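Undergrad: For the record, the sequence lines run as chains A and B.
Take the first sequence: its position 342, counting from 1, is numbered 342 in full-length UniProt numbering, and each next residue is one higher.
Take the second sequence: its position 160, counting from 1, is numbered 160 in full-length UniProt numbering, and each next residue is one higher.
Don't read these hints as lab results, they were simulated from the structure.
Errors might be hidden in some of the hints.
Remember, identical chains collapse to one label, so a pair may be satisfied in a single copy or spanning two.
[Said to hold, decoys possible] Result set (EDC-like, lysine to aspartate or glutamate): computed pairs, CA atoms no more than 16 Å apart in a straight line: (1) K368 with E400; (2) K23 with E449; (3) K23 with E67; (4) K446 with D420; (5) K446 with E421; (6) K204 with D176; (7) K23 with D74; (8) K446 with E385.
Computed from a prediction, not measured in an experiment: that's the story for all the values here.
There are 2 protein chains.
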Amino acid sequence: MSKRLVVIGGDAAGGSAASQAKKRQRDLDVVMFERGRATSYSACGIPYWISGAVDDEASLVARTPDEHRAAGIDVRMRTEVVGIDLERQVVHWRDLDGGAAGTEPYDDLVYATGSVPMRPPVPGIDAAGVHGVQVLDDGAALRAELSRDSVRRVVVVGGGYIGLEIAEACRMRGLDVTVVDRSATPVGTFDPDVGAQIAEAVRKEGIDVVLSDGVAAIEVGRDGRARAVVTASGRELPADLVVLGLGVRPDVRLAQEAGIPLGTSGGVAVDARMRTRAEGVWAAGDCVESRHRLSGQRVVVALGTHANKQGRVAGINIGGGYATFPGVIGTAITRVCNLEAARTGLSSVEAEAAGYSFVKVGVDSTTKAGYFPGAEPIHVSMIAERRSGRLLGAQIVGREAAAKRVDALAICIWNEMSVDEILSLDLSYAPPFSPVWDPVLIAARKAFEAVEADVRQL
Amino acid sequence: MSKRLVVIGGDAAGGSAASQAKKRQRDLDVVMFERGRATSYSACGIPYWISGAVDDEASLVARTPDEHRAAGIDVRMRTEVVGIDLERQVVHWRDLDGGAAGTEPYDDLVYATGSVPMRPPVPGIDAAGVHGVQVLDDGAALRAELSRDSVRRVVVVGGGYIGLEIAEACRMRGLDVTVVDRSATPVGTFDPDVGAQIAEAVRKEGIDVVLSDGVAAIEVGRDGRARAVVTASGRELPADLVVLGLGVRPDVRLAQEAGIPLGTSGGVAVDARMRTRAEGVWAAGDCVESRHRLSGQRVVVALGTHANKQGRVAGINIGGGYATFPGVIGTAITRVCNLEAARTGLSSVEAEAAGYSFVKVGVDSTTKAGYFPGAEPIHVSMIAERRSGRLLGAQIVGREAAAKRVDALAICIWNEMSVDEILSLDLSYAPPFSPVWDPVLIAARKAFEAVEADVRQL
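Chain A extracted, bound-state conformation:
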């Protein structure tokens, strides 16, 4: 009898795991449960669907249920797994539309439930007109809201990547938009100097940014709909629509109930092959924790690119192959209001928390040769370990063609290169692409000088 793989969750991680396992082992029975309406879609694309830059929902979907079925995967849409029985090796499921329920046995199980949006425990949070932005259905709900003429004022709670992307999308639709964030600068994963530049760019687009102020309550009208956001400092921000962009946490409820161990970070604990500590159970995507290669800590990073890679690794291993996921180094990128920003490695705060002592430098340059038409400003900051000069982190902020340079620095960090080694790298140069010293090399040179100066003082 052929073996059976059950996959919980049909988005990036689950879909990749199912596909890879089936591809490697043709006689494997693969059943994939998805409680939503879509499989393998780009959640990161939702803001652009909302703004109208992307026209239809279908283009966000990389692989439809029918495409998965054509590859031999038994996809059960709108079907939620409500329990896992590790002892009997079965999952309990429920059809969300028809109401039917049943169990499905497994030999291998992939836990790919993703994440759940953070919801602050404040009065009014469950009112109509308060939306998260996480799954495709959230996007559809938001689009429906935004097409109503009565929606003119939007308050976005949380100034992280997604919050700002949604704020920009709403602004592009001509609405009045306010972003509220507890921190002094938005996108807390960046150092404050980068965050300040982002705040400035967002404000220039006519978006109101309220910083250092949290959400205390959501005021609800007689119709049961949210009508204002009240901040901790007492400001009242009128809102026809409230969007929660406070980030996500791993969806581990089912795992906890079943007894699949979590890690120190709160995500499902997995080894390098994406095996959980429960026999026959694998996990991948936003719900798992990963090893941070610089801090040595376990971290939860909800990003489609990790989900895809982790799903692939789980699938290959389940299909009889061998693959590992080697961890993360905190690379991220965003474009908000024509400003590009990216980071890799540790931020200053993270580096300190990890016990590193370091020097920090920043340089201003241009994306092309200074004299070349279309050269745009780019700022590169780096932190390098004292004495060794090892690159620990880098952040880039600038205009078009600035931020994707972070990949080069991510690979330097991955290989534990020192800024001294980096400044000698054979990187590409031609006037339409960079100054003769690429901005990342100028930064490395300056960081090297700072490391040397520091050594002389030691």
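With chain A fixed as given, assemble chain B onto it according to the hints.
TA: What follows is chain B alone, placed relative to chain A:
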């Protein structure tokens, strides 16, 4: 008495060496000889000055003679060094305008003479109306020619980077342009498939491209000006102006005459600190040979980015510091007629010549998420060593935002990463910047599969 540094050549390498040495050792006497009209300028910017994209000559100059002088460097413009006496440690110079001559003693000497353009030894090559494109004066001469109404038809001999960039510049000025190249595809440093795409893009801009055909002669009119290029196959290409874009060779004449040893490649031989084999003589820039980190061979690569780095290294060492130039891996980038192309590591031909056995793959993807507005095509090819899967070379061709990704792969090659390691890298992802699997990761994944398939067959 303070020591004296003499620098021959005031462009990228010489200028950097002089600046760094003076900066490190304030009491050093530094004399820099430059036979042209400018110091520290961007020769790579000349095509854009010719096209008109860059307005004035001054913007191509990174550091003027007066700026060098303000930093304490004794700059002798329009002054050619005509001989080096290693025994007596002096150079002989000649003022090109006034005719004065003299000698200058040195304790350290930097040989940074750059390169000379290749000139095919064919009849008519020295006629009026035949120009090289190498130094700023060449650019000025070409601009003067192009502003004459009688110049309508331009033939560019050589389809390398510079040849094509000049061809495009002339086309942008509304001229009839033909490029002639001996090879079957232009830009011979690229694999033929990339070269073919470049040829297509160039032709689409209305530039005639004649391939697999060399130059046999230049026909000269009664006025002494070139009037046509005659190819080896007998074609006659009418020309009011002929531009030579056949590449350059290191300018080693003075070195040879003085007895400064050359290396196997024909460039001046230097060690890691940029010391030649002659006592007290250093060299940097287009005139030296570098170690290719993959082939192990010595190669001459004429690129401003290497010249700057090598000059810096020589200057630091002369100034009492310690620095090395660790070699090159063949990274290059160009934009021609809206097509971007880049390479790093070894091409297929180079890898074979170096004795490597490898698999080659190519993938087509997009520069942003496929659904994102402005996503452009990108093609990434990779060659990976058999068994080890070590990345040996990569080439990228595509539209906007495609080619600069080569830096990421250059750093992978620099660190001797295998395609297996590469596909797991934590690279940046957001829909405005890449698909969820960045094109370079997709290529690495495919290369890994090819390596695995090859191993199974071994």
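Undergrad: Now look at each hint and say whether the structure bears it out.
TA: Now for the hints, and whether the structure bears them out:
1. K368 with E400: Cα proximity of K368 and E400: in one copy and across copies (10 Å, 13 Å).
2. K23 with E449: This pair counts as between: shortest inter-copy Cα distance 13 Å, intra-copy 51 Å.
3. K23 with E67: within (14 Å within a copy, 65 Å between copies)
4. K446 with D420: within (10 Å within a copy, 33 Å between copies)
5. K446 with E421: within (13 Å within a copy, 29 Å between copies)
6. K204 with D176: within (13 Å within a copy, 46 Å between copies)
7. K23 with D74: Classified as within; 14 Å inside a copy, 70 Å across copies.
8. K446 with E385: Within one copy only: 13 Å inside, 36 Å across.
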